[in-house]
Amino acid sequence: MVMQQQNIPVLEVKNLGVYRNNVAVIENATFTINKGDYVGIVGPNGGGKTTLLRVILNFLPYVQGSIQLFGVDVAKFLSWQKIAYISQQATNFEDQFPLTVRELVSLGCIRQGRLGRNFSFDDWKLVDENIEFMGLSDVANRRIGQLSGGQKQRMFVAKALTHKPELILLDEPIVGVDSDAQEKFYKKLSDLNIKCQTTILIVTHDLASVFCRMSKILCVNKNVELAGITQDLDTAKLLKRAYGEHFHFVFHRHGCEGEFVHDY
Amino acid sequence: MTIDVFNLFGYQFFQNALIGGVIVAVVCGVVGLFLILKKEAMIGDGLSHTAFGGIAIGLLIGINPLITALFVSILAVFVLSYMRRKKIATSDSAIAVMLALGFSTGLIIISVAGGFNVELFSYLFGSILTITFSDLLLVSSLSVFVLLFISFFRRELLSMIFDEEDSKIRGIPTNYLTIIFDLLTALTIVLSIKVIGTILVVALLVIPSMCALKLNLSFKKTLFATIIFSIVSTITGIIISAITDIATAGIIVFTLVAFFLITLIYKKLGD
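Chains as they are written, first to last, in the working numbering: chain Z, 7 to 270; chain A, 614 to 884.
The set of hints was computed from the structure by calculation and includes no laboratory data.
Incorrect hints may appear among the rest.
[Unchecked claim] To be clear about the criterion: a stretch of chain Z counts as covered by chain A if any three or more of its residues have a C-beta under 8 Å from a C-beta of chain A, and this derived list gives those stretches:
(1) 81–89
(2) 97–108
(3) 112–118
Cβ atoms here follow ideal geometry from the backbone N, Cα and C, with glycine treated the same way.
Please construct the entire structure, taking both the sequences and the accompanying hints into account.
Below is the structure:
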């Protein structure tokens, strides 16, 4: 009997409440992400997307509810090597930092329990494989500061892949990457999601890509709503609940293209 | 009177000076590169001035001032880290306070005890040409310790400096690593005092890596270039100083700055 992989929960959030300075940032959030999900996290600026990720990673405290990672409460969770997090600031490093792409990606091979060890032949093989997978072989020996925004994003994913994560949390920068590069990036993540069954949660502003490429959408605007992306999903209603009544999003599934109409 | 440069190499004092100088140059370059990348060059300046208090204590009670300087700098590292952790002061103001306190300790001891001006001068500005065999032994054993640690944990250090949050998720004990690295910085400063003195040690920590960073190389090559810049300027300083009787530390700093200007021009031409 083949096990239904969709039913293995990777992240379970129940009645989550997050407050900062006594103001609710996330309220009563309940959702479950399963193995192999490719989830786009959307919502207005300041709606709590980044906060939600950081609470899941145990960087920020929460007041109500529970979070379970791979079936373990986040406070007791120890297998952090299963998780990769790429923060919004990741690509904001100093251009002068003296690292090549290959050197930076190799830093992902550092693991708890083998600190201070030299990297093995297999480590370097994995580094080069991931650089190739993310399409960075041509720039592997360039300094990281010389890359474009899109290449930087892919470089951090390559670094994350060196510890073979089962869950990738990606908080995407708002600016700095052109739409072509962005589309390539989402395509790569799709490949990864399909090839390795890696669960991916990505904060994004590109709604068209979410509906084209991803399996679920998580709308975050203090309240959190998870929806599967299917033919009969009422995208207009869903997005209005997340962004407000004045928001319209026209989406053509056949061409997999979308455009925004702001109606104020 | 002129001294033949090649004859110099036959003298024991000159050989000791070269060996000590090269060792210190390597350690300062390596530690300095990490300090620069951490944007904490001033901790080098702070600790070296604090060490001056330790030197005065050593001279007063009659034990090797390098040893008392070592204890005082290590104490300063712990106080600094406590102040940062408890958020008593930000890193740079905490360093400023430690610097002033350490230096004042030295000043008070000098004015109360008096009488060791000449010796004190040699610690303030270095006196590599008079380095003794026992000093050389102390300097090289401390250096081996610092270099071994860094060569084992260079990737973890680099990862922590580049992205501390991510390194924590990866299981790198960033808090311990930070304090150990600060302790190694204290060691490095103390072992450099004989070569370049407490006042100018920050130059040997900072300028070689500044030069190397201008060259746009990989990390490995940047580290290598840093060491080369550091060694060449130290040797230049020692040789010119031995011939002309001008203070070694001064020549080392001038050579370093000359290198920096050259790399700056090189970078401008390259762009």
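Hints and how they fare:
no.	hint	in the structure
1	81–89	holds (count 3)
2	97–108	holds (count 6)
3	112–118	holds (count 6)
Consistency note: the structure conflicts with none of the earlier hints.
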